[in-house]
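Engineer: Listed below, chain by chain, are the residues.
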Amino acid sequence: MNGHPCPAPRRIGPEWGQSAHSFVLCIPADPANLAFARAVVAAFAARLDFTLDEIEDVKLAVSEMVANAVIHAYPGGGGPVWVAGRVHDGALEVVVEDRGRGIADVARAREAGYSTLGGEHLGIGFSVAEAYMDALEVDSVPGEGTCVRMRKRPASGAASSARPS
Amino acid sequence: MNGHPCPAPRRIGPEWGQSAHSFVLCIPADPANLAFARAVVAAFAARLDFTLDEIEDVKLAVSEMVANAVIHAYPGGGGPVWVAGRVHDGALEVVVEDRGRGIADVARAREAGYSTLGGEHLGIGFSVAEAYMDALEVDSVPGEGTCVRMRKRPASGAASSARPS
Amino acid sequence: MAVHVEVQRQGPVLLARVEGDLDMASAAQLRDPLEAAWTAGPELRHIVLNVKGLSFLDSTGIAVILGRYRAALARGGRLVVVDANARVRRMLEISGALRLVELAGSEAEALTRLAPRRQGRSRRRRRRPSSP
Amino acid sequence: MAVHVEVQRQGPVLLARVEGDLDMASAAQLRDPLEAAWTAGPELRHIVLNVKGLSFLDSTGIAVILGRYRAALARGGRLVVVDANARVRRMLEISGALRLVELAGSEAEALTRLAPRRQGRSRRRRRRPSSP
Ligand SMILES: Nc1ncnc2c1ncn2[C@@H]1O[C@H](COP(=O)(O)OP(=O)(O)O)[C@@H](O)[C@H]1O
Ligand SMILES: Nc1ncnc2c1ncn2[C@@H]1O[C@H](COP(=O)(O)OP(=O)(O)O)[C@@H](O)[C@H]1O
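Residue numbers (my numbering), protein chains in the order written: chain A, 1 to 165; chain B, 1001 to 1165; chain C, 2001 to 2132; chain D, 3001 to 3132.
In case anyone wonders, no lab produced these hints; they're calculated from the structure.
The beta-carbon is built from N, C-alpha and C at its ideal position, and this holds for glycine as well.
If you only want the chain B side, here are some residues facing chain C, beta carbon under 10 Å, derived:
| hint | residue |
| --- | --- |
| 1 | Asn1033 |
| 2 | Asp1057 |
| 3 | Lys1059 |
| 4 | Gly1113 |
| 5 | Glu1120 |
Per label pair, the in silico range of CB-to-CB distance:
| hint | chain 1 | residue 1 | chain 2 | residue 2 | range |
| --- | --- | --- | --- | --- | --- |
| 6 | C | Glu2019 | B | His1121 | 20 to 30 Å |
| 7 | B | Thr1051 | D | Ser3055 | 21 to 31 Å |
| 8 | B | Glu1137 | A | Val106 | 37 to 47 Å |
| 9 | C | Glu2019 | A | Ala135 | 32 to 42 Å |
| 10 | C | Leu2098 | B | Gly1118 | 16 to 26 Å |
| 11 | B | Gly1118 | C | Leu2103 | 22 to 32 Å |
| 12 | D | Ser3055 | C | Gly2041 | 44 to 54 Å |
| 13 | A | Gly13 | D | Gly3076 | 48 to 58 Å |
Which chain C residues stay away from chain B? Per the calculated CB distances, all over 10 Å, these:
| hint | residue |
| --- | --- |
| 14 | Gly2076 |
| 15 | Gly2077 |
| 16 | Glu2107 |
Can you make the complete structure from the sequences, with help from the hints?
Structural biologist: Here's what the structure looks like:
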């Protein structure tokens, strides 16, 4: 990691500052930070009316996407990963972004069972994250980085303490 | 908050990316994020050999400093607050930074009982944070912002899973 | 993330039980019901604050407690904090609040401590007409 | 943040109880002791994995389980997952692992299910010399 460890992320734009209910977290792409990323997103999600099970869904999806950044984004080893969250329209929006090598064929990468790595890699990271969230979009530029945007609305419908503006 | 909600912080320098055990969190200066900031710092501190009581100490100190940024930094209302943490020399280092109005007389501001606000403000935020941490430094430039750097070493001495490089 | 408060009036004593995390975001959740009960009860002089369920307390929380102490003082009363754990006690100490508010191990202890003065006075008052 | 594993050999069955959060960071803490026991026990054919204490499971964890499934398969054995809660079951389903590994409600059920074949065979083996 050269220069500032956590420069401003690229795709997490100004709209993320519009509400009090948002955060941007920057962590080094390292397995040691997976559990931490999960804890952070769970703590943030607590301000919405999620069930404990739904919060586990969010933790899992975020964990899969951060793990992808750790495994795939920086072949040279190490680099920043951003996890950002906000309450938007009564739903939780989470973004996981890296400045790694990017994905040439996103459609293919999202297919269950497709992995560019061998060994025990199952190629199901994207499909798992998708299964546990309401929506998942991948925005990736080879050589620049990957940004995965996910959304989940509490089944109960209503945001509790969060009053997003 | 204009422009990017979370540009790179100013005083959290490149040394923060040197170890896998670090994070930078950016949140809007809003009371709604106090409990979240505490939860994040507690989740991070878990990788050191802190007792539960020591983790409560860290939560309290961070909460006081984030509350200061919420109350004092942005008189116009709203702005980013960064909370950064890293494992350094077996100790936890936490920084709370804002780009607010800054403090003209830091020595005076740190005195117990000194507050520029009336009402119920006791003027003990700094002294409380100092009492619960091993060290606290304030670096503030009027018109530019405030950066509070705190350190705490687990009384047990040893870092557990964290192997800071 | 929030605070839960239960308020009871017992003669001249306002008894409040507070639970949860008391910080800048939740301070009003303690302050407001205490102020409302205080204003609605002109007979109230003392405050007993049971903090057994308090899981977090910062300087803003101390400020709320001291605000209530001043309200009691203005009516010639006292504020007793009940069941403070080591963390709460240390915050009361560091903030200097321990020089103003009192500590008690239980609500019963706090109420008994506040009662004699009241009973003493009412007894005196009742006896006065018959004694001279 | 970590995984705790307890491993027992019971005849041809490697019984493992896993607790904690199983992710990319902790996968080796499950994989390594299972591999070590498997290598050390050439008599082992089946794996019973009690996941009752599993509080988190991601696709890396599924990959470890499937790795052990293949090891069992290579020795003509099976892998039975015991006490999977709804979340673990769903992950096994989504990943396709449920088409390969089996589920059981308890260790006893899993061991009984794996036993008949073993007993059947050993009985057959023992009887053979006496029958012709
Ligand atoms: N953050 C990323 N940076 C670069 N490539 C990625 C990233 N995330 C996923 N990929 C690519 O997409 C493929 C599919 O990802 P995924 O479904 O998570 O399966 P797996 O991680 O097991 O390979 C990966 O093999 C990798 O080539
Ligand atoms: N982040 C900040 N930005 C600007 N001023 C600050 C900041 N933090 C503290 N101060 C100044 O320092 C004084 C003392 O702070 P503190 O000890 O926390 O007491 P209090 O917050 O009760 O006023 C404040 O009244 C304020 O003038």
